[in-house]
Structure formats: C-alpha cells, structure tokens
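Chemist: Listed here are the chains, written in short residue letters.
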Amino acid sequence: MSYLEVKDLKVHFPIKGGIFGRTVDHIKAVDGVSISLEKGKTYGLVGESGSGKSTTGRAIIGLNNITSGKVIFDGTDITNIKRTKSEATKNIQMIFQDPYSSLNPKKRVVDIISEPLRNFENLTRKEERKRVQELLELVGLSPESILKYPHEFSGGQRQRIGIARAIALKPKLIIADEPVSALDVSVQAQVLNFMKEIQKELDLTYLFISHDLGVIKHMCDDIGIMYKGRYVEEGTAEDIFLNPQHIYTKRLVAAIPDIDPNKREAKRKFREEVKTEYDQSYNDYFDEEGLAYKLQPVSETHLVALPEKG
Amino acid sequence: MENKVKEEKANQPNKSPSGFSIIWRELVRDKLALISLFFLLGIIAFVFGIAFVLDQDEIVKVDLFSIYEPPGEEFVLGTDYGGRDVFGQLIIGTRNSLTIALLVTLLTGIIGVAYGVISGYFGGQIDNIMMRILDFFMILPFTMIVIAFVAIVPKYNTITFSLIMTAFLWMGIARLIRSKALQEKELDYIQASKTLGSSNFKIIFTQLLPNCSSLIIVTMTLNLAANIGLESGLSFLGFGFPESTPSLGTLLSYATNPQTLEYRWWIWVPASIMILLLMLSVNNVGQALKRATDARQRRG
Amino acid sequence: MWKFSVRRTLIMIPQLIVLSILIFVLGQLMPGDALSGQVGPDVDPARLDEIREQMGWNDPWHEQYARWMGGVLQGDLGESFRFKMPVTELIGQRIVNSFWLSVATLILTYIIAIPLGITSGRFNDTWRDQLITGYSYVGFATPLFIFALVMLWLFGFTLGWFPTSGSVTPGLEPGTFEYVMSKLYHLLLPAISMALITTYSTIQYLRNEIVDTKQKDFIITARAKGASETRVYNRHILRNSLLPIAAFLGFEITGLIGGSIFIENIFGYPGMGQLLVESISLRDYTVLTAVTLLFGIASILGALLSDIILSIVDPRIRIK
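As they're listed, the protein sequences go chains A, B and C. When we follow this note's numbering, the leftmost residue of the first sequence carries the number 1, and every step to the right adds one. When we follow this note's numbering, the leftmost residue of the second sequence carries the number 1, and every step to the right adds one. When we follow this note's numbering, the leftmost residue of the third sequence carries the number 1, and every step to the right adds one.
The shape of chain A in the complex, shown without the other chains (with noise of 0.2 Å):
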C-alpha cells in the first residue's frame, strides 16, 4: 500500500443558466485522476494551465469539493472529510503559487507562521516565538525579522516564508502547488535546492504541481501528466523523459530548451518533426471530444492513455 493513494479522483463543478439558474451542465476540472505516491518521494504533476493539476492538489488536501473518487493517506480515508483540527491537516500542507496572494498583508511574520501552531499546539507566547524563529532560521531568513509585514521582503523570501508556515507542524506529505512559478528564474534555482533539503532533514512526500517540465525533471521521482481533466501518460523520470509513448508528452519533452548551443539546430528540426506528427496523428491519441483515453500499462511502472486495440 502506498502513502498516498487516489482513487478514481473527479472534480466536476457545475454551470448555472436558464432563467430559474439551475445546473445545466458540468465542467469536468478533473475526471477520473489516481496517483499512487510512495514516502520520501516526489511524484510530480505536469500539464498546460487549465488541466486540472491544481484542482487535483487543492482537492487533496480538501480545498476542493470531491465529486467522486476516494484519498486514501496512510491508510486512512481523508476524502471530503471536515479538515479542522484533524490528523490529516496536520500531516498534509500546501505550498501555493503565490508568495504575494498567499500571505495576509495585514500580519506580521511571527502571526503568519504561528497560525497552525495555535491551531494544534497550545504554547505559550514565548514558545511559540521561539518556534517561529527556529523556523525562520531553518528556511534561511532573518528570525529577527519575525515583526515585520510581508511586503517588506523578496518574492524569494516570501515563498520561504510561506515554506515555514507549511513545515510548522512537522508535515508529512507537502502540496506544492507551482511553488517556484511566480519567482524570478534566478531564484527558482535557489528555493527548489532548498525544498531537496527540508525534504532529506524533515523526511517529507512531495506531490509538486507544475507546468514547467525543466522544474519536475529537477525535482520529481515519479511524474504524470494530464491534459484537459484526465491522464495522458505516467511513469517514472526516466520513463517520461527517454520513452516518451504519448504525442503529447512527446512534444512536451521536445518543447525543453538546451542549453548546449551546438546542438540547437538538431533541437529545432527535431521540435519541428514532433510537431508534424502530432498534427498528424491527433485522432490516434484523442477520443472525438478531444480527450485522452484510458491508462494502458506499457510496462511495470509505465501507463500511456492509448485506445483499446481491435
């Protein structure tokens, strides 16, 4: 059994019209979605904005309603469950996208990483300024700058900020969702370094949420990819990265500029010839609405949404 295990995971929010405002349709944001995700690990989620990526993150850890499907974490079923004051928030925490949005401007640093210590922890005034600055001093900041506001620091310090907050409770499985994104590229480099190292000192499961395949090869044992709600391939780093099965991943992998510039020109011609046979060959990997098929295994650890042969 693993750490983290989902089910069949679906997302569906519904579309209100007509003159009495009832449901008229659903928007399937994620639709039939399973990852399983050993401890220590990173399993990393790829896919174009609008995927369902996020979605499936946020419905993990309970910010989005789950239509149906189940989240099992270690062994227990946390699916829908109410999160104050439970086991599974404790051990579940996010990291989001935005270091600007995701810290209250009004608070001060000391009240923005003590908030789930006073909500699990009964300590003292005193403890928990300590705690606060042990933390600061863990992700690399200042702990004399517990007093000040938010936007008195970097993009780069904020998302350590934020990192602090999320490891306050000693968490087992982090949700990052597009942590380094909004950072500028030279410190996307920094910060991604600094989650490798909390997670060997702090023993911590990454799920990590990104659209950018440069970011998940650093980063991520075990990778899927989604397109438009559902899974398109899954497998291990290398399975992804060497064997590439679906055109979409194909072209996504293709997409990842090289450094080396010898071989540019190879690298030009090769995006080209993928793109040629993704045009080509759409209808082969897409149902007719444009969907990815169902999971086939193509080996041990790798599925490719291909169509049933015969």
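Some hints could be false.
What the hints assert, rightly or not - For each label pair, taking beta carbons as the anchor points, the in silico distance ranges come out as: (1) I15/A / F122/B: 16 to 24 Å; (2) K216/C / I22/B: 28 to 36 Å; (3) N200/B / A189/A: 35 to 43 Å; (4) D135/B / Q190/A: 49 to 57 Å; (5) F201/B / E48/A: 46 to 54 Å.
These are computed hints drawn from the structure, not numbers from a lab. Here the structure is a predicted model, which is why all the values come from computation and not from measurement. C-beta: ideal position from N, C-alpha, C; glycine also.
Following the hints, complete the assembly by docking chains B and C onto the known chain A.
Modeler: Just chains B and C now, kept in the frame of chain A:
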C-alpha cells in the same frame, strides 16, 4: 547567557509601521481634513461638556413671559415660541443628534459588516438568498418606511428610534463588505488558512476582517455624516425625537411656521449651520480617509 | 436579453408579496381601528363587537389579508375615515401633483447635471472641474430639507419671486392656459430646490466615466485618425457614458419619494408626500397604508425598469 541576549534582541526587532499609522500620516497631510477633525473634536468636547452642566428639563420648560425674544443679553440666541432658550436647545440638540447618529452608525456597522462578511465569505446559495433579502430592503424608500414605523411603535423613545433607523440603513455597508469579502476569499492567504486548520469563524475574524478594516472605517465615517442628516431630517418632519428631547431637526421644524421662517432667523439658522458644519467636516474626514486607504489616490 | 428580463420580472413577484404583507402587518399593528374614531362614547360596546364581526375584523389574519389584497387589486384601497371618502379618490389628485413634481425634478436634474458632468470630465483637474466638483460635493453634504428651507425663505418670502404654498392659484378653471401656467409656476421652486441638491451622483458618475473613457485605446485611435475633439466627444465618449444615466432613471424613483416627503411638506405642495405625513398626524391609517403601499410598488417597479434598461445597455449585467 548568550541565548538570553539573543532573545532579548529578538524581542525588540525593527518594528514596521502598521497600516493605521500610514493612514494617520495621510490624514495629517490633508489640511482641510485636519481642520475638520479638530473642529469636530472641539464641538464634541464642547457640546458634551456644556450639556453636562445644562439641565435639559430647565431648557425645555415653557416660559410664557419670554416668547420669541430676539438674541440679546439674557438669551444669546433668543427664544422660541415657548420662550425656551435657543442656545441651550442648540447645545443639547447637537448632543442628541450626534449621539443618535453615532449609535445608528455603530449598529448599522455591526449588522452590515456581519451580514456582508457572511454572505461574501460563504457565497453560493447562502449569498444568493441573503442578497435577495438585501435587494428588497434596498428598494424600500427609507424616509417613508421609517415614518410609517415610527408612527406605529407603541413605546417610542431614543432606543426604538435608533433601532428603526438601523433596520433600514444596514444595507449599504453590507453590500460593500460583501463584494470585498468575495474578492478576498479567493486570495491564497484565505485558502492557506484553511489548509492550516483554521475554522471558518477564525478565518473571518483574524484573516478576512483585518483586510476589510480600512473599508469599514471609511464607510462608517461617511455613514456618520449621512446619519446626522437623516436624523435631523426625520426630527424636522416630526418623526424623530419628541419635542421634550430637542434635536437639531426639532429647531429647524419651527421654521415650517412661515412667520418664524421669515422673521425669526435666530431659531432656525444656527441649527442649520450646525448641521451643515457637522456633515461637511465628517465628510471631509471620511474623504481624506478614503484617499489615504486607496494607494492610487494618496497625495504623497 | 429577454431571458434576463423574464428572470428579473419573476424576482419582482416575491418582492411585491413581501411588501404587501409587510404593509398589511404594519396596518394591523396600528393602534385602534376605523371605528374607534367614529363613534361616540355612548354606543353600546356589544353593538361595536357586532359591527366588528360583520366587517370581518375578527377573522384570521390571512383571510383579512386576502380580502384586503383582493380590494387593492381591484383598485379599492379602503375608506378614509377622516376625509370621509374612498382613499382611491383622495389619492387621485395628489398622485398627479406628485407625478408632475417628480418629472420636473428629473428634467431639471439632468439639465443641470449632464452639462456640468461633461465639462468636469472633459476638462478634468482644471479650475472648471474643481468648481463643479466643489459644488456637487457641497450639494452632497447638504441635507435637502435645509436647502429647501433656505430656498423658500430667499425666493419665496424675502424676494417674493415664487408662491410659498399650494399647487395652483385658487379660483382658476382647470384646463385653461392660466391654470396650467399656474401649476407650472407652483412646482418650479420645489423642483429646482430638489434638483440642485440631487445632482451629485450624476455629475460624479459622468465625470469618472468620461475621465476613464478618455484614456481608452479606441479614443486614442479615433484621435490619431484625425477626428476633431468635438467629434470624439459626441460620437465616441458621450455615447458610452450617457446611456447608463438613462438606466439609472428607475433607481431615482426611490430617492424622489424620499425627497418629495420633505419638499412637499416644506413648500405646502399637496402631493403624496404631504398626504403621508398628514395621514399620520390625523391617525388616518387606511390612508397611511395605501400611500406606503403605492410608494413601495413605485420603487420596486423603478428598480425593475432600471435593471432591464441596464441589461440592454450593458451586457455584462446579464451574467449575474
């Protein structure tokens, strides 16, 4: 030892200015608003101070020997049709008008903020129903409905009067706070609070409301000005304070007598000026606050 | 478009029902009933109970409500026991007076507000703009009743330019030219007083709208193509800014009702607002409920009208 020094140092870190001190700085920079503020504070201190010494029953006592005295040595601002001192009535009237305007502003503020926050934060079906109710209250013509209620309330006094006014005045602020709450709750810091295990109640009080505070302060200040006008208007029509409790509107209502309007300016002109000055200065302060809280409009 | 209108009209039905129940309950709560003012003290109480029973005043409230509503729907608003005539008849003349006063006020408001708003927006941050903004701000902060008193004192009494009460000079034959002119003359001062004070929202709306539109790309494009300044304003800016003003007309009704209560009492103008106040001081509760109901319905219809016009003018409203 070393630890202790470190801790002490951390206890007085460089504290950054809070939101309110920024607002205060802006207010001080705005000369007109600052003058208005001092004028208001002066009036309040003066009126409440003097009213403490003055005896309301003495002032409203009818004295048939000094009816319609023009301003002179005995009566600074003359007397009305019952021989009552206009100056005294002006002081007590200002106090009464201000008190009720403040009370109504406070009550509508509490109800409106609570209603707006609940509606906006929870959204969905709750919001839908709550907005339908609000829309209905919004449509009713305020003066008419208050007059109708005042006419039928059996035990009519200051408290019931404020409650009736409150019942039909909470919608404006509720609507503003609701749209603010709708915006704010989509932001990640509210979502983050949820993942950190804070209850909705706690999120509303410790996360959402602090971010609405400047809007609440500005709106309530502007409402205060409007309420001074509404109260004196209702008293003017005879549906506010009873005559034994003079309000600024009561003094003005004597001017519905053409003789008074034409020949006895001392009865109604001072009260008019008082209402105008009060409303203008409260509005000035409110507008300055509004500019101060809106970063785009800040003057410096 | 029609979908929104139908939905919006459907919303109005519960609003009307709630309003009617509210006013009915209000009427029930009023002390005494129509008999208590009419009969002498020597009438036998048992006889009174008999009459009450006959009139159905002891029936359950919902039956009484149904009867009252039935009457209202047929245009029967009950009997005024002070004026001794059907309320419908009593209201008839007053409602016409109030209607013309409102129309005059609206026309004057727009005549004053639209040119000022346009000037203020077109020449924003010049002395002209500051002057206009200053005027509208003072108007916003001045209560209507004080301003109206000053106007009456100045132009009615001191200068004697306008009549100080009534809606027409007594003794004139209805329908004659003199009669119409006299009516117009009587409502001019009240209407001007109200209009001067209520321009604030229109001026500020127009100003902000024009200042906003001025910087939009399509205006800059129009200028770049060489369109004259006048043409830019008439063809592009005003068309976008003036339409919503027409739509706010319905919302104005609520404000006009509030204003007319003050104005009519101050200027002694026999309209609905004056009747409302009179009916309370005379404790004529049938009239009070009738006036309140009519004012309420007018406001609800006004809001409906505005919402529908707005949805035509501004399609974004429809997605609600």
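Chemist: It remains to establish, for every hint, whether it holds in the given structure.
Modeler: Do the hints match the structure? See the list:
Between I15/A and F122/B, the C-beta spacing of about 21 Å keeps the proposed range 16 to 24 Å intact. A hinted range of 28 to 36 Å for the beta carbons of K216/C and I22/B is consistent with their spacing of about 32 Å. For the hinted restraint 35 to 43 Å between N200/B and A189/A, the CB-CB distance of approximately 38 Å keeps it satisfied. At roughly 52 Å, the beta carbons of D135/B and Q190/A sit within the given window of 49 to 57 Å.
Judged by the Cβ atoms, the range 46 to 54 Å given for F201/B and E48/A is violated: they are separated by roughly 38 Å.
Going through the hint list in order, the structure does not satisfy hint 5, though it satisfies all others.
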